[in-house]
Amino acid sequence: MIPEDLRYTAEHEWVAGDGGGTVRVGITHFAQDALGDIVYVQLPEAGAVVAAGESLGEIESTKSVSEIYAPLSGTVSARNEALGDTPEVINTDPYGAGWLVEIALDDPAAVDGLLSADAYRELTES
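With UniProt numbering, letter number 12 in the sequence shown gets 12, and the count goes up by one each step, no holes.
No wet-lab data here; the hints were simulated from the structure.
Glycine included, every Cβ here is placed at the ideal spot set by N, Cα and C.
Among the clues, some could well be false.
[What the hints assert, rightly or not] Below 25 Å or equal to it, Euclidean Cα-Cα: the simulated SDA-like pairs (lysine to any residue) are:
(1) LYS63 - GLY96
(2) LYS63 - ASP37
(3) LYS63 - PRO44
(4) LYS63 - GLN42
(5) LYS63 - GLU11
(6) LYS63 - PRO87
(7) LYS63 - ASP85
(8) LYS63 - GLU4
(9) LYS63 - ALA110
[Said to hold, decoys possible] Now the in silico label distances, taken between C-beta atoms and shown as ranges:
(10) ASP107 - SER64: 31 to 41 Å
(11) LYS63 - ALA10: 17 to 27 Å
(12) ASP118 - ASP18: 18 to 28 Å
(13) ASP118 - ASP85: 16 to 26 Å
(14) ALA109 - GLU67: 22 to 32 Å
(15) ALA51 - ALA119: 20 to 30 Å
Could you put together the complete structure from these sequences and hints?
See the structure below:
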């Protein structure tokens, strides 16, 4: 369950973009599986400035609370408001309806520095 058309981080976030400078971010199937049943998500407001590698929110599951890290630097242009009422959708559809935020990137070329599907697969299988 590692879509080929996405980029990934070692912290188990995925990034999808059309090359236009805005990306959609979520957590991977691997991450949601490790977390267990997700019961709460805390995300930044639209307009928040985020820096690559820094925390941008939290995901709480029945097992633990985990930080969500910004995969790239930029400004949050949208957040998935539906997760406020139905955070468990991350467990059932992490690459679709379970997306977290959209970020308008400071440097769209930075996406190229993230892991490919093959590199992420190697990371999670080792």
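Checklist entry - Which hint numbers doesn't this structure obey? => result Hints 8, 9 and 13 are the ones this structure does not satisfy, whereas the remaining hints hold.
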